[in-house]
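Asker: Okay, so the sequence shown: first residue is 0 according to numbering that gives the first Met the number 0, each after it adds one.
Since the hints were derived computationally from the structure, they do not count as laboratory data.
Accuracy of the hints is not assured; some may be wrong.
[To be verified] Taking lysine to aspartate or glutamate pairs in the DMTMM-like style, the calculated list, with each CA pair at most 25 Å apart, reads:
| no. | residue 1 | residue 2 |
| --- | --- | --- |
| 1 | 199 | 115 |
| 2 | 162 | 212 |
| 3 | 199 | 85 |
| 4 | 172 | 197 |
| 5 | 131 | 225 |
| 6 | 162 | 249 |
| 7 | 162 | 238 |
| 8 | 172 | 198 |
| 9 | 252 | 238 |
| 10 | 252 | 267 |
| 11 | 162 | 267 |
| 12 | 172 | 183 |
| 13 | 162 | 197 |
| 14 | 162 | 116 |
| 15 | 131 | 115 |
| 16 | 131 | 208 |
| 17 | 252 | 240 |
| 18 | 131 | 110 |
| 19 | 162 | 225 |
| 20 | 162 | 110 |
| 21 | 199 | 238 |
| 22 | 172 | 208 |
| 23 | 172 | 214 |
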Amino acid sequence: MPLIIPRELPAYQALERENVFVMPIHRAESQQIRPLRILIVNLMPTKIATELQLARLLANGPIQTQLTLLHTASHRPTHVPGEHLEAFYTTFEQVRHQRFDGMIITGAPVETMPFEDVTYWQELCQLMEYSKTHVHSTLHICWGAQAGLYYHYGIQKHPLPAKVSGVFSHRVKRLSSPLVRGFDNTFLAPHSRHTGLDEKQLAACGQLEVLAESEQAGSYLIASGDMRQVFVTGHPEYDWDTLDLEYRRDLQKGLNPAIPVGYYPHNDPRFTPQCAWRSHAFLLYHNWMNHCVYQTTPYDLNQLGQEE
0 MPLIIPRELP AYQALERENV FVMPIHRAES QQIRPLRILI VNLMPTKIAT ELQLARLLAN
60 GPIQTQLTLL HTASHRPTHV PGEHLEAFYT TFEQVRHQRF DGMIITGAPV ETMPFEDVTY
120 WQELCQLMEY SKTHVHSTLH ICWGAQAGLY YHYGIQKHPL PAKVSGVFSH RVKRLSSPLV
180 RGFDNTFLAP HSRHTGLDEK QLAACGQLEV LAESEQAGSY LIASGDMRQV FVTGHPEYDW
240 DTLDLEYRRD LQKGLNPAIP VGYYPHNDPR FTPQCAWRSH AFLLYHNWMN HCVYQTTPYD
300 LNQLGQEE
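Based on the sequences and whatever the hints tell you, model everything.
Answerer: Written out as structure tokens, the structure is:
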């Protein structure tokens with residue numbers, strides 16, 4: 000089914016070249032179908048690349064899906080042209096009275112900082128509180144997952160001895176969950192982070208279930224019982240070369256980064272990395288869109304928060 004985004008958004012042309020089904024807004028408005036409304040809180044500095052990564056996965060959803068892109072007003076991004084933000088992004092104040100079927104909170108390069116020291120932390124807290132009544136299901140990614148687990152459940156993060164970077168094997172813990180429907184028992188997914196979760200706190204939280212985990216990278220896919228809050232500690236949306244770009248960026252900065260695990264053939268950065276997680280990424284987002292959003296969201300979004 001098609002993804003509805005402005006034809007002028009850079010991701011539109013890229014997805015068309017990839018033969019991904021995208022639809023301009025004017026055509027969608029002529030069809031008698033209510034599209035799913037998904038709000039993307041894009042905290043990544045590489046906003047345009049992240050837009051494309053997420054749009055590609057959401058275009059594999061079950062019905063028409065309309066994206067709204069949001070940036071924080073309390074922190075002005077510096078890695079994206081101002082005219083791009085003006086043309087395609089909104090702020091929380093502009094949407095706070097609207098309702099959405101789903102919301103995605105991305106990662107951010109602030110994981111080594113205490114949550115309260117992040118310049119836009121209070122604004123993000125407002126968004127996460129807003130999600131309880133105005134969003135049917137929220138998907139949190141990497142640092143966004145750590146932030147959501149801390150805000151909603153008080154689960155702390157902690158620094159790791161070394162950065163977790165690479166493509167790791169994961170195992171499914173509960174195959175009966177709709178979120179892992181169609182998964183293999185084991186699958187690959189990328190991680191890129193300096194911090195991890197307090198696994199003891201997570202295990203003691205009776206409101207959450209770990210659906211998939213990695214021996215090396217820890218808990219990966221976590222969900223509340225009603226699947227209104229979903230957390231992914233890795234980056235399944237990453238392109239084939241994203242870890243490579245991060246590795247070479249850190250080399251140029253003189254940070255002496257470790258070679259990403261399980262990423263380059265023969266563990267040699269001279270070889271082109273292989274993308275071995277794309278099918279898992281599509282399936283994960285399809286399951287979230289279908290089972291956590293489409294199958295249970297109210298047709299009339301004004302009923303959000305009144306379902307019980």
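Asker: Are residue 172 and residue 214 close enough, with their CA atoms no more than 25 Å apart?
Answerer: With Cα atoms ~12 Å apart, residue 172 and residue 214 stay inside 25 Å; holds.
Asker: Starting from residue 172, check that the Cα of residue 183 is at most 25 Å away, please.
Answerer: Given pair residue 172, residue 183 holds - Cα atoms ~11 Å apart, limit 25 Å.
Asker: Can you confirm whether the C-alpha distance between residue 131 and residue 208 stays at or below 25 Å?
Answerer: holds, 19 Å
Asker: Straight-line Cα separation of residue 131 and residue 110 no greater than 25 Å?
Answerer: holds, 24 Å
Asker: Within 25 Å, alpha carbon to alpha carbon, are residue 172 and residue 208?
Answerer: This hinted pair holds, its Cα atoms lying about 9 Å apart.
Asker: Regarding the pair residue 199 and residue 85, is the alpha-carbon distance no greater than 25 Å?
Answerer: Violated, because 43 Å separates the two Cα atoms, which is more than 25 Å.
Asker: Would you check the hint for residue 162 and residue 197, treating anything up to 25 Å between C-alpha atoms as holding?
Answerer: Holds, because 16 Å separates the two Cα atoms, which is no more than 25 Å.
Asker: Residue 162 and residue 238 were given as a pair; does the straight-line alpha-carbon distance stay at or below 25 Å?
Answerer: holds, 19 Å
Asker: With the threshold set at 25 Å, check whether the alpha-carbon distance from residue 162 to residue 267 stays at or below it.
Answerer: holds, 18 Å
Asker: Could you grab the alpha-carbon distance between residue 162 and residue 212 and see if it respects the 25 Å cut-off?
Answerer: holds, 17 Å
Asker: Could you grab the alpha-carbon distance between residue 252 and residue 267 and see if it respects the 25 Å cut-off?
Answerer: holds, 20 Å
Asker: Can you confirm whether the C-alpha distance between residue 172 and residue 197 stays at or below 25 Å?
Answerer: Within the cut-off at roughly 18 Å; holds.
In summary, the numbered hints that this structure violates are 3, 19 and 21.
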